[in-house]
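Enquirer: Yeah, the sequence shown ends on 120 if you go by our numbering, and it's all consecutive.
Please keep in mind that the hints were generated in silico from the structure rather than gathered at the bench. Any given hint could be a false lead.
[Claimed, not checked] The calculated lysine-lysine pairs, modelled on BS3-like cross-linking and capped at a C-alpha distance of 30 Å, are:
id	residue 1	residue 2
1	Lys29	Lys65
2	Lys29	Lys67
3	Lys67	Lys24
4	Lys60	Lys24
5	Lys65	Lys24
6	Lys29	Lys60
Since we're looking at a predicted model, the values are computed, not measured.
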Amino acid sequence: SVNFLWLPLQRQVNITGRVERVSKVEALKYFVSRPLASRLGAWSSPQSQVISSRQILEAKLDQMKCKFADGEVPLPDHWGGYRIVPETFEFWQGGGGRLHDRFMYRLDDTDQWAHARLAP
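With the hints as extra help, turn the sequences into a complete structure.
Expert: As structure tokens, this is what we get:
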């Protein structure tokens with residue numbers, strides 16, 4: 001699931017569903033649409049791993065600039081994406097005295113969106 005909360009507006013959207021990995025073709029299409037610096041960054045950063053300094057990243061980026069000097073930066077094997085295939089959407093709007101508005105949209109067995117008002 002994913003949740004978007006805007007407290008100053010007293011609004012929230014919650015989406016539930018299954019997660020699926022995008023195909024290599026989709027990943028490649030998106031990857032090549034990104035700026036050169038972002039594509040080089042994908043090769044330069046061991047994402048989420050502990051590193052001792054920013055200089056390590058900058059040195060790796062310099063290496064990748066040399067390696068891909070022609071501007072042709074291939075899709076790294078580790079690079080891809082995921083999508084949420086939604087099954088429910090819930091919209092919440094804060095209201096006075098805790099009488100909030102809540103609306104649920106749920107994908108039914110016929111792939112149609114059914115909706116209902118929920119009690120707060």
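Enquirer: Decide, hint by hint, whether the structure agrees.
Expert: Hints, verified against the model:
Of the pairs offered as hints, the one joining lysine 29 and lysine 65 holds, with about 21 Å between alpha carbons and a cut-off of 30 Å not exceeded. As the CA atoms of lysine 29 and lysine 67 are separated by approximately 22 Å, the hinted pair is consistent with the 30 Å bound. Taken as a hint, the lysine 67 and lysine 24 pair is honoured in the structure, with Cα atoms around 23 Å apart against an allowance of 30 Å. About 25 Å separates the Cα atoms of lysine 60 and lysine 24, which keeps this hinted pair within 30 Å; it holds.
For the given pair, lysine 65 sits about 24 Å from lysine 24 by alpha-carbon distance, which is consistent with the 30 Å threshold. Taking the CA atoms of lysine 29 and lysine 60, the gap is about 24 Å. The hint holds against a cut of 30 Å.
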